[in-house]
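Participant: Each chain is listed here by its residues.
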Amino acid sequence: MIEALPPGLILILGALAIPLLPKRAQPFAAVVLPALGFFQLLLLAPGESHQLHLFDLELTVVRVDRLSLVFGYIFCLAAFLAAVYALHVKDTLQHVAAMVYVGAAVGAVFAGDLVTLFVYWELTAVSSVFLVWASRTEAAYRSGMRYLVIQVGSGVLLLAGVILHASATGSIAFGQLIGDDGLLATASPGVLLIFLAFGVKSAFPFLHNWLQDAYPNGTVTGTVFLSAFTTKLAIYALARGFPGTEILVPMGVVMTLFPVFYAVIENDLRKVLAYSLNNQLGYMVVGIGIGTALSLNGTVSHAFAHILYKALLFMTMGAVLHRTGTIKATELGGLYKSMPVTTVCCIIAAASISGFPFFSGFVTKSMVIAEVEHLNLTWIFLGLLVASAGVMEHSGIKIPYFAFFGHDSGIRVKEAPWNMLAAMVASAALCLAIGLWPAPLYSLLPFPVGDYEPYTAAHVLTTFRLLVFAILAFAVLVRTGIYPPERAGVNLDFDWSYRKALPALLRRLAAVGGAVRRAVTVAVETLLGRGYRLVYRLHGPSGVFARTWDTGAIAFWAVVGLLGFLVLYFWG
Amino acid sequence: MSDGRKRWLDEPRNVDRLFYGLVALCALLAVSDLGSGRHFFATWEGWPNFHGFFGFVAFWCIVIAGKHLRKLLWRPEDYYDD
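Chains A and B, in that order, are what the protein sequence lines are. In our numbering, each residue's number is its place in the first sequence (first place is 1) plus 210. In our numbering, each residue's number is its place in the second sequence (first place is 1) plus 38.
Source of the hints: derived by calculation from the structure; they are not laboratory data. Note that the structure is predicted; figures quoted are calculated from it, not measured. No residue lacks a Cβ here, since even glycine has one placed at the ideal position from N, Cα and C. Some hints here could point you the wrong way.
Not close to chain A: a few residues of chain B, all C-beta gaps over 10 Å, as computed [claimed, not checked]:
1) Glu49
2) Arg51
3) Asn52
4) Arg55
Mimicking SDA-like on lysine to any residue, the simulated pairs with C-alpha atoms at most 20 Å apart in a straight line are [to be verified]:
5) A:Lys710 with A:Val722
6) B:Lys105 with A:Thr540
7) A:Lys547 with B:Arg51
8) A:Lys538 with B:Pro114
These stretches of chain B come out as covered by chain A in the derived footprint (C-beta under 8 Å, 3 or more residues) [as the list claims (entries may be wrong)]:
9) 61-69
10) 89-98
Using the sequences plus the hints, can you model the full thing?
Facilitator: Here it is in structure tokens:
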């Protein structure tokens with residue numbers, strides 16, 4: 211019976227029932243729902259179902275294949291872990307929003323047509339913003355509004371693209387949208403708009419700031435949910451619609467590189483993680499751009515591993531924020547003394563994201579890099595190597611070092627609550643398990659993995675060399691005092707354009723508009739005043755046209771006229 | 039707020055030990071790259087300890103670049119009036 215429902219709907223309908231439950235039962239319902247969702251996925255058979263006829267459109271609400279299933283599995287798994295992490299939360303709004311959000315994301319990856327995708331796409335935006343607003347601060351409210359505008363805007367782009375695409379091709383099927391040449395230049399306007407919509411949610415360069423703006427403003431538990439779904443839904447959509455799109459390869463490299471520099475100088479550790487998330491998306495985008503079986507497997511497996519270690523990183527930083535009340539690097543340090551389990555979990559997540567051998571990132575990211583090597587894409591390879599050193603810097607070292615080690619802030623707190631610890635330990639165990647036994651994950655990937663083997667002596671040793679020497683660089687920089695100390699403040703990014711420059715421009719335009727309006731008003735008033743005075747002068751009580759005319763004068767002029775007529779008559 | 043207990047890492051000598059251990063590990067990794075005879079993606083990748091050297095230099099450059107970038111991009115916390 212459960213398999214009769216479209217995937218994701220269990221979570222959405224269940225979420226709507228959560229407020230009806232007693233307050234204490236609500237967090238547990240949020241744990242059960244993703245478990246049910248996961249169980250449902252196990253029962254699904256590949257193929258298309260739930261065809262609906264809506265106006266002239268044939269909707270395929272459910273399409274089950276290997277690509278959608280692997281994203282469905284990890285979405286339910288991540289939601290389950292995040293819900294365990296949020297078991298102590300007494301806020302109904304957050305539980306409902308999180309489950310609708312997860313349900314929408316799961317529904318979206320099983321959508322067989324673009325209209326269904328659009329509906330779920332917008333639902334993820336509208337539901338997830340409440341995880342930001344639930345912080346109930348002015349900053350969170352404003353940040354959430356910006357997030358909502360951008361996310362809904364992405365949906366509007368998607369809808370516009372779908373309409374154009376459908377009118378051009380007569381099809382709303384969600385399959386490969388890019389042509390076999392992999393060039394955007396030959397793509398139709400509809401496909402370009404859809405690409406842009408996916409790009410906004412994937413945090414392409416210059417479209418990325420909603421991520422670093424909203425995620426650090428989310429609630430402690432809400433940000434763990436946020437980190438898992440929106441961007442990975444977009445990665446799924448890109449992998450489905452745009453595999454082999456050439457521009458994605460250099461774009462992905464830029465995505466891996468530029469956030470690295472921001473992460474170095476950022477003081478808010480959850481914002482560092484948001485930049486780091488952006489950087490990890492870059493590897494996935496490169497894999498989609500290459501578009502071969504190995505690189506797409508790399509993208510999908512990296513998304514899978516990334517959801518777990520990124521959620522774990524946000525969990526550990528959330529635990530720190532929950533216990534200490536701050537997440538600023540300048541105010542933290544030495545927490546390993548009071549939060550040892552959280553520290554170990556953070557180090558495991560840091561090792562995983564950095565791609566250390568025996569941790570999850572090593573067996574997934576390397577598939578993309580191996581294909582880059584195989585295709586002799588030298589500059590791309592070098593870019594990704596630099597980015598790997600960058601990941602080591604911001605997520606491998608900076609996050610654990612400044613929160614748990616470094617300068618001892620003197621803060622002594624209790625270890626994280628049991629439910630947070632349970633979720634963190636389980637996530638850390640999964641990060642290790644994937645790293646040590648990648649075969650089960652490989653068996654879920656969309657294409658057969660074949661003879662790809664991550665654990666060759668050369669691969670393990672070169673990776674160790676890169677990362678351990680990077681750690682040495684950090685140690686030398688710190689010991690010599692060259693490493694820049696953390697500093698409270700904000701760093702300008704592209705959001706400056708719409709948070710400062712655009713409002714300033716609008717204010718300036720409003721000021722100029724006001725001046726013009728005043729000048730026009732004065733000119734019109736002056737002209738009207740003059741006109742009024744002229745009319746008054748002519749027609750007023752003493753005006754020439756208002757004067758009483760003497761009838762004697764008219765008689766006189768009539769006589770003059772008649773005389774003139776007489777003279778002319780006789781003359782002629 | 040501090041509980042005053044001394045941990046192993048509180049001792050500067052132990053931090054030094056960790057550092058020299060790291061240096062020794064790097065030396066070992068560098069030496070292990072001599073004559074490995076594996077297939078190289080490009081000639082430069084075959085240079086002894088290329089990845090180690092690259093990792094060190096890339097990390098160093100990222101941090102220094104970030105340091106300079108901060109001069110350009112840093113603003114006070116209330117810059118956006120949020």
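Participant: Now look at each hint and say whether the structure bears it out.
Facilitator: Against the structure, the hints:
1. Glu49: Answer for B:Glu49: holds, closest chain A Cβ roughly 13 Å.
2. Arg51: holds (14 Å)
3. Asn52: Its Cβ never comes within 10 Å of chain A, the nearest being 12 Å, so this holds.
4. Arg55: The claim stands: B:Arg55 keeps its Cβ more than 10 Å from every Cβ of chain A (closest is about 12 Å).
5. A:Lys710 with A:Val722: The given pair, whose Cα atoms are some 18 Å apart, holds under the 20 Å limit.
6. B:Lys105 with A:Thr540: holds (16 Å)
7. A:Lys547 with B:Arg51: holds (19 Å)
8. A:Lys538 with B:Pro114: holds (14 Å)
9. 61-69: holds (count 5)
10. 89-98: holds (count 10)
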